[in-house]
Amino acid sequence: MALGKVSVNNLNLGQGAVTEIERYFLFIGPAAKNVGKLVLLDTQSDLDTQLGVPASDLKTQIQAARLNGGDRWACVAAPIAEDITWQDALAAATRTYSVEAVVITHPVTSGAELSAMHDAATDLSNRLGRRVFVMAATPGIALEQTWDAYVVEQTAIVNGLAAPRVLPVPQLHGNNQGVLAGRLANAAVSIADTPMRVATGAVMGLGTEPKDSSGDPLPSAVLTQLDAARLSVPQTYPDYPGVFWGDGNLLDAPGSDFQVIEHLRVIDKAARRVRMLLIQRVGDRKLNSSPNSMAAATSALMAPLRQMAKSVTFAGQQFPGEIEPPKDGDVTLVWKSKTAVEAYLVLRPLNCPKDLTANIALDLSTDDSE
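Sequential numbering from 1 applies to the sequence shown in the working numbering.
No lab work stands behind these hints, which were simulated from the structure alone.
Don't take every hint at face value.
Cβ pair distances, simulated, as ranges [to be verified]: (1) 13 - 289: 18 to 28 Å; (2) 254 - 96: 46 to 56 Å; (3) 8 - 339: 28 to 38 Å; (4) 255 - 198: 26 to 36 Å; (5) 289 - 42: 41 to 51 Å; (6) 254 - 13: 42 to 52 Å; (7) 355 - 303: 31 to 41 Å; (8) 214 - 106: 44 to 54 Å; (9) 303 - 342: 32 to 42 Å; (10) 328 - 112: 40 to 50 Å; (11) 20 - 142: 37 to 47 Å.
The C-beta atom is built at its ideal place from N, Cα and C for all residues, glycine as well.
Put together the whole structure using the sequences plus the hints.
What follows is the structure in structure tokens.
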């Protein structure tokens, strides 16, 4: 004999949105106020109240970032002093916040410091599954330096270093790092866009043009050499008004996939989304080696790629997604054992013109029909 029973269960199918951390940066550097604390900032924040009235590394870079970051800009700041290292501030901040990038404003003078920043980014990924890149500052030119000596000094800092999660920025104008951080965090453009993009507009609030010990202003040849050394610098175009930017160079090895920031950002975004989907499937027997299950899991893992590939057509122009639309075979699942499964995913960044050439010819032929 039995009694009738009715139960209604809510099933979580993992279809909700994932909190986006892209464009949210952590700034670490010396400031006069709130030392040792974490300060949340946005476009409405009073920086004098939050970071102190005297000028500081941190305040200067955040001012420039906010000016270039658009109306949705926000960040978390970690003011430090002599007794607090950036490592301490990073550890404290990441206990509470997830960020896309860490901006360390105090200039570095050696490759070992840059290597330590890359190690810290890698450690975050290993321990917490958090993918970040680090924006490092290198010094601007000293009063007694010539431009040639400055290029030699800057090249020596990054020479021979493989740190693909570090983006070094020379502080040529005093706030270059903040300007680039704001440009990368601007919600008006995609994370797949290069900071070189002219259609984004000129940079704003860049500091005073530097001069060397002879009084010579910053020449374009110096910018070319710094860019070749994998440092990220501004640039101008003759007879075209405004100051723009070059590539967001990462300290990856020659021939590697992540030499520019836009490639790292899109693959990190996809990895964050896919990680959430994999966590939801731990111990779930709906994911198994049957054909139906494999097809369903493959489709689910392809969903973030399809979302990133969405484009919009407006006024006759197509605004592309962050990557090319995924194809059949771009997601592959492999069972390594009865309990271990590996997923392989392929992302294809869209082509992006950075070196454009026009060839113009005269047609001096005579029209014989006249």
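Subject >> Numbers of unmet hints, in rising order >> reply: Violated: hints 2, 8, 9.
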